[in-house]
Amino acid sequence: MITDIRFRLPVALLLCLLVHTTLLPEIRIAGVMPDVMLLAAIAAGLEAGPSYGAVMGFASGILSDLLLPTPLGLSALVFTLVGYTVGLAKAGLLRDSPVFPVAVAFVASSAGLGLFALTGSMIGETGLVNAHLATVMLVVGITNGILVKPVLRLLRWSLAGRPPERAYAE
Amino acid sequence: MAVYRRSRRHRFLLLLLVLTSITAITLDYRDGGTGTLESLRQGARDALAPLQNVASDAFEPVGNFFGGVTRYRSLQRENARLRAELEDARGASLAEEGAERERQALLDLMRLDFASTIPAVAARVVSTSPSNFQHTVVVDRGSDKGVAVGMPVVTGAGLVGRVLEVSETRATVRLLTDRSSSVGVRLTGSGEVGIASGRGAREPLEVEFVAAGTKVAEGEAVVTSGVDGSAYPPEVPVGTVKSFSTPPGAISQEIVLEPAVDLGRLEFVKILIWGRPGR
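Read top to bottom, the protein sequences are chains A and B. For the first sequence, counting from 1, position 29 maps to 29 in my numbering; every step adds exactly one. Throughout, my numbering is defined as the position within the second sequence, counted from one, plus 1000.
No lab work stands behind these hints, which were simulated from the structure alone. The model shown is predicted, which means the values in this text are computed figures rather than measured ones. Be aware that a few hints might be false.
Okay, the calculated bits of chain B under chain A, using three or more residues with CB under 8 angstroms as the criterion [unchecked claim]:
no.: 1; region: 1012-1019
no.: 2; region: 1042-1052
no.: 3; region: 1132-1145
no.: 4; region: 1165-1178
no.: 5; region: 1199-1206
Glycine residues also receive a C-beta, built at the ideal position from the N, C-alpha and C atoms.
If we strip away everything but chain A, and leave its shape as in the complex, we get (with noise of 0.2 angstroms):
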């Protein structure tokens, strides 16, 4: 079974790279894209905790740094944070209701861009923080917010069979 995750995980990670590389650049509501890499941190913390969702966010992260003209490293340290907390929340805050995901995602993915900026702009990175920030949160979540249900999905049948997250109580 981790055999299948080895190779379901990345699968699922490259899928999301290519959608957000070559797809969502086109749709764009008031020039701001959703974000499908950090919203995988966000579903794997959703779907399996807080470890899964660090490690999901450190991947995703690390390959849209690869990509971006940005620090290498720098969407990888965010994501893992948000990816973490998710998984937290998902914790304190675990409910059945169908709304739940589509919140968190929400406030994860605003939250997440909002320290994305301001971590950039603080080992100086220009034009991150301005007057367009709060529309690009705003934008983020809510199309991140619609497009939670698909990418849990796609999470959940690569996270089939994992090993459970040590630390956790039925």
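Fit chain B to the supplied structure of chain A, relying on the hints for placement.
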């Protein structure tokens, strides 16, 4: 119901990943875009390029649908051709107007047209930036065709931007509208120079450092200044003055510039094989 707890194991994993990320950021800054990490980046881009091409073709109908472009492929090709012709016509017009003063004063003997003497590599735009912060495009030419970081990128209409990163087969171009972009410009009417900066996608450019008393006209052509050390060759059309004003008490004007090139519809560009003088 599974309830996850903050365990040492979780915290250790988080700490490990965070420290790895911070280390990568630090190394990337120290490398300055030339070291092992940059090679890794270039390798990843080149490796992903074929997959992205396939995915781009596969997703094109969906992208067109959501983008509101529901025309047949033949009609799109026809539109692309017409747009290219229009860009060329606009570029010729702007170039003539923009170069007039310098042509008469400095370049008369040389009879230079807009960037015509500079060798160029034609490239196709294969994707726009998958980012909400940077405004860049990726083109299908890289270092194997002589493209290098810093080279200016143009269309027939004028300046597009500058090569930001390059791999063997691809190059990333930072567009003029990117908030980190700035270019030295010259007003063609007065000859005054200033700095044009990006303000984000689909936003006009902002020109600073033009003295308050300088005569400016709406629709006036603005070209690259090409002053010593400039990152761009001189007389490349940048745009036209959309509006201008001088706030009370200010020593410089606020000039808004409409880019000469429609940066939202780029399909083909030319990368000028041009290095900064003295570099």
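Status of each hint after checking the structure:
1. 1012-1019: Result for this restraint: holds, n = 4.
2. 1042-1052: holds (count 5)
3. 1132-1145: Per the Cβ count (4), the hint holds.
4. 1165-1178: Holds, because 4 residues of the region 1165-1178 of chain B bring their Cβ atoms closer than 8 angstroms to Cβ atoms of chain A.
5. 1199-1206: holds (count 3)
Comparing the model with each earlier hint shows no violations; every hint is respected.
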